[in-house]
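Peer 1: Below, each chain spelled out in residue letters.
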Amino acid sequence: AQSVTQLDSHVSVSEGTPVLLRCNYSSSYSPSLFWYVQHPNKGLQLLLKYTSAATLVKGINGFEAEFKKSETSFHLTKPSAHMSDAAEYFCVVSSPLDGNTPLVFGKGTRLSVIA
Amino acid sequence: KAGVTQTPRYLIKTRGQQVTLSCSPISGHRSVSWYQQTPGQGLQFLFEYFSETQRNKGNFPGRFSGRQFSNSRSEMNVSTLELGDSALYLCASSLNFGTSGSPNTGELFFGEGSRLTVL
Numbered sequence: 078a079q080s081v082t083q084l085d086s087h088v089s090v091s092e093g094t095p096v097l098l099r100c101n102y103s104s105s106y107s108p109s110l111f112w113y114v115q116h117p118n119k120g121l122q123l124l125l126k127y128t129s130a131a132t133l134v135k136g137i138n139g140f141e142a143e144f145k146k147s148e149t150s151f152h153l154t155k156p157s158a159h160m161s162d163a164a165e166y167f168c169v170v171s172s173p174l175d176g177n178t179p180l181v182f183g184k185g186t187r188l189s190v191i192a
Numbered sequence: 201k202a203g204v205t206q207t208p209r210y211l212i213k214t215r216g217q218q219v220t221l222s223c224s225p226i227s228g229h230r231s232v233s234w235y236q237q238t239p240g241q242g243l244q245f246l247f248e249y250f251s252e253t254q255r256n257k258g259n260f261p262g263r264f265s266g267r268q269f270s271n272s273r274s275e276m277n278v279s280t281l282e283l284g285d286s287a288l289y290l291c292a293s294s295l296n297f298g299t300s301g302s303p304n305t306g307e308l309f310f311g312e313g314s315r316l317t318v319l
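Protein chains in written order, with the working numbering: chain E, 78 to 192; chain L, 201 to 319.
Honestly, the hints are just simulated from the structure, not real lab data.
Since this is a predicted model, take the numbers as computed values, not measurements.
Cβ atoms here follow ideal geometry from the backbone N, Cα and C, with glycine treated the same way.
Be a bit skeptical, because a hint or two may be false.
[What the hints assert, rightly or not] With beta-carbon atoms standing in for the labels, derived distance ranges:
#, chain 1, residue 1, chain 2, residue 2, range
1, L, 258, E, 147, 43 to 51 Å
2, L, 215, E, 105, 39 to 47 Å
3, L, 209, E, 138, 19 to 27 Å
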């Protein structure tokens, strides 16, 4: 079984300051992990993914995430927030070796960026 | 390359009615998944289709059904609508089935959704 917990439902940052969105996961097998972003009234878009290669993963729009197996975490960061980063972010886990089970989505973290 | 297209984008129904939502995946994608998104429950997996066969199903009642056609387009149907069915229904496509054995493992391409309001 697998699960994912996004530790903050809402994060608010000032423009130009760092962003940290936290995600912990649980998986019986070696997981694949993803971050998706959803802007208002839009579908989800893949930001980045970890699939057992490098533990530091770089994504689009300056985001990156680090896979820490010992902490079962996959936190999303960005050095400097832009107004356009305001959106809902979802951490997602899958276990490719656990049959073909569907992806499991976290509850989401809403990021607000203050000018 | 055209993205995932969902129709209709918005619709209003009353309790007891039924609704059919349509999803056209990205050209060449053979897998289509459906998700229900609500403020309270977040994103919940409904079902996944690959080559016209349902491969996975989430924990939803039998009122929720779907199918996939030979051109990979998919429809989902909800019968006997309830107030709690009000949600954004998202469709996602991917090259291959499930999340294993593919370089695109887990990479889903989402449509903008169909927002259903049940009165």
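Peer 1: Please go over all the hints and tell whether each is borne out by the structure.
Peer 2: Outcome of the hint check:
| no. | hint | result |
| --- | --- | --- |
| 1 | 258(L) <-> 147(E): 43 to 51 Å | 32 Å, violated |
| 2 | 215(L) <-> 105(E): 39 to 47 Å | 40 Å, holds |
| 3 | 209(L) <-> 138(E): 19 to 27 Å | 25 Å, holds |
In summary, the structure is inconsistent with hint 1 from the numbered list given earlier, while agreeing with all the others.
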